[in-house]
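Visitor: One-letter residues, chain by chain:
Number of protein chains: 2
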Amino acid sequence: MAGKRVLIVYAHQEPKSMNGSLKDAAVTELSRQGCQVTVSDLYAMNFEPRATKNDIVGALSNPKSFNYAVETYEAYKKQSLSSDVVEEQKKLQEADLVIFQFPLYWYSVPAILKGWIDRVLCQGFAYEIPKYFKNGFFQNKSALLSFTTAGTAEMYFKKEYAGDIRYILWPLQHGVLHFCGFKVLTPQINYAPERASEDKRKEMVTSWSRRLETIWDEKPIDCSLSWYFE
Amino acid sequence: MAGKRVLIVYAHQEPKSMNGSLKDAAVTELSRQGCQVTVSDLYAMNFEPRATKNDIVGALSNPKSFNYAVETYEAYKKQSLSSDVVEEQKKLQEADLVIFQFPLYWYSVPAILKGWIDRVLCQGFAYEIPKYFKNGFFQNKSALLSFTTAGTAEMYFKKEYAGDIRYILWPLQHGVLHFCGFKVLTPQINYAPERASEDKRKEMVTSWSRRLETIWDEKPIDCSLSWYFE
Numbered sequence: 000m001a002g003k004r005v006l007i008v009y010a011h012q013e014p015k016s017m018n019g020s021l022k023d024a025a026v027t028e029l030s031r032q033g034c035q036v037t038v039s040d041l042y043a044m045n046f047e048p049r050a051t052k053n054d055i056v057g058a059l060s061n062p063k064s065f066n067y068a069v070e071t072y073e074a075y076k077k078q079s080l081s082s083d084v085v086e087e088q089k090k091l092q093e094a095d096l097v098i099f100q101f102p103l104y105w106y107s108v109p110a111i112l113k114g115w116i117d118r119v120l121c122q123g124f125a126y127e128i129p130k131y132f133k134n135g136f137f138q139n140k141s142a143l144l145s146f147t148t149a150g151t152a153e154m155y156f157k158k159e160y161a162g163d164i165r166y167i168l169w170p171l172q173h174g175v176l177h178f179c180g181f182k183v184l185t186p187q188i189n190y191a192p193e194r195a196s197e198d199k200r201k202e203m204v205t206s207w208s209r210r211l212e213t214i215w216d217e218k219p220i221d222c223s224l225s226w227y228f229e
Numbered sequence: 000m001a002g003k004r005v006l007i008v009y010a011h012q013e014p015k016s017m018n019g020s021l022k023d024a025a026v027t028e029l030s031r032q033g034c035q036v037t038v039s040d041l042y043a044m045n046f047e048p049r050a051t052k053n054d055i056v057g058a059l060s061n062p063k064s065f066n067y068a069v070e071t072y073e074a075y076k077k078q079s080l081s082s083d084v085v086e087e088q089k090k091l092q093e094a095d096l097v098i099f100q101f102p103l104y105w106y107s108v109p110a111i112l113k114g115w116i117d118r119v120l121c122q123g124f125a126y127e128i129p130k131y132f133k134n135g136f137f138q139n140k141s142a143l144l145s146f147t148t149a150g151t152a153e154m155y156f157k158k159e160y161a162g163d164i165r166y167i168l169w170p171l172q173h174g175v176l177h178f179c180g181f182k183v184l185t186p187q188i189n190y191a192p193e194r195a196s197e198d199k200r201k202e203m204v205t206s207w208s209r210r211l212e213t214i215w216d217e218k219p220i221d222c223s224l225s226w227y228f229e
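Protein sequences appear in the order of chains E and U.
Each residue of the first sequence is one higher than the one before, starting from 0 at the first, in numbering that gives the first Met the number 0.
Each residue of the second sequence is one higher than the one before, starting from 0 at the first, in numbering that gives the first Met the number 0.
Calculated directly from the structure, the hints in this document are not laboratory data.
Please read these numbers as outputs of a predicted model, since none were measured by experiment.
Misleading hints may appear alongside valid ones.
Identical chains share a label here; the pair holds if one copy fits it or two copies do between them.
Result set (DSS-like, lysine-lysine): computed pairs, CA atoms no more than 27 Å apart in a straight line [stated by the list, open to error]: (1) K76 x K90; (2) K15 x K130; (3) K130 x K52; (4) K133 x K157; (5) K15 x K76; (6) K63 x K201; (7) K130 x K201; (8) K3 x K199; (9) K15 x K157; (10) K77 x K199; (11) K130 x K157; (12) K157 x K52; (13) K90 x K157; (14) K15 x K182; (15) K15 x K63; (16) K89 x K130; (17) K90 x K182.
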């Protein structure tokens, strides 16, 4: 939709990968609509995933015993977070929609993207006590997980293997996105593109583009326990 | 137990933290028993969390389109993984028990520890198709998550907030540890040490030491869906 701002947080090493194609398709379709699209290409940026003292510029509140959560909260308030974190916070602050594009690694996001979550979503910026969940800061924003898997859909729904793909989504969608108040859109899951035919792979990209044509009309999912576990 | 080998994968920035104290207590108690204890102190090592080409020494199988899983699998077989990954794999290979000691970040492990999981547990070393779950490689090893939380126990069991702490454990215990065949021991969870009194904090450390006195007699948890979701 013209004028809307979109941030794509993208975590794949290879531009020619399925994740790269899905990211490119999103940029193309959303730009065509007149959206302002920003991509944080984490590997290309060599984004720092480690949560350390380096995230605070200048003096620490308590240099004798380093507490990352406390120090980054203070640094946020004093505007003394490191510039790479501030840059990502600005992009997120301006976005109406945030798309996370990644391959599933060990039932979760790759470490480089976990680092983005750990470092960018600090207290004060992304939440406050008790400003979270239904009182969360980002209620005017939508977010969506778009990811690929190594295993097939059958594997992710086989009781003895992965139980249900939604179990895996709980920490990310509920614990991160819903916690910060985001409206969570239905995840875009592409199962096992590496085992798929070229035609099937093209179809994955096309159906993502097609979905994005009407993404602004979508209703968020109901972020209840029953969505995940019933 | 004398002669047993233990690997502690430790992810906290501050030696004086509760996580640091719990790690120290484990080293002390297990050494007292005559175990050989190795600590991977991830922040002190400045452990690399990013999964990149740098993990493969020498030529790639397919330099035109980088696939991390495929390349690291090939590199494992050709013994051409980067030395920091090989070093961790050796420590893990020799261990009878692996303890992961960390603060819960966003319903999961900190990015630096996620990077250890992403990079060390490559195909060929940690699993093979179909060598996983009950046919997994690490059936002669036990593993245990020992972590602290920011929120109180009440918060983690409040339906509208976190549902149940076990939901959070699913990706880590089932998707990582059980997948690789580990016998999973009951997690050691210390809720909200930062909100606790000094006495209560000491008690957390003491009760961990005490548990470790008989850790070799413990039966693993039943890694079924019902342990997590019923």
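Visitor: For each hint, tell me whether it holds in the structure or not.
Guide: Hints, one by one, checked against the model:
1. K76 x K90: within (18 Å within a copy, 42 Å between copies)
2. K15 x K130: neither (40 Å within a copy, 30 Å between copies)
3. K130 x K52: Close inside one copy (26 Å), not across copies (41 Å); limit 27 Å.
4. K133 x K157: between (33 Å within a copy, 15 Å between copies)
5. K15 x K76: Answer is between: at 25 Å across copies they meet the 27 Å cutoff, but 40 Å inside does not.
6. K63 x K201: between (55 Å within a copy, 19 Å between copies)
7. K130 x K201: neither (42 Å within a copy, 31 Å between copies)
8. K3 x K199: neither (31 Å within a copy, 50 Å between copies)
9. K15 x K157: Close neither inside one copy (30 Å) nor across copies (44 Å); limit 27 Å.
10. K77 x K199: neither (51 Å within a copy, 32 Å between copies)
11. K130 x K157: For K130 and K157, the Cα distance is within 27 Å only across copies (17 Å; inside one copy 37 Å).
12. K157 x K52: neither (43 Å within a copy, 33 Å between copies)
13. K90 x K157: Answer is neither; intra-copy 39 Å and inter-copy 33 Å both fail.
14. K15 x K182: neither (30 Å within a copy, 39 Å between copies)
15. K15 x K63: between (47 Å within a copy, 9 Å between copies)
16. K89 x K130: within (19 Å within a copy, 45 Å between copies)
17. K90 x K182: within (17 Å within a copy, 43 Å between copies)
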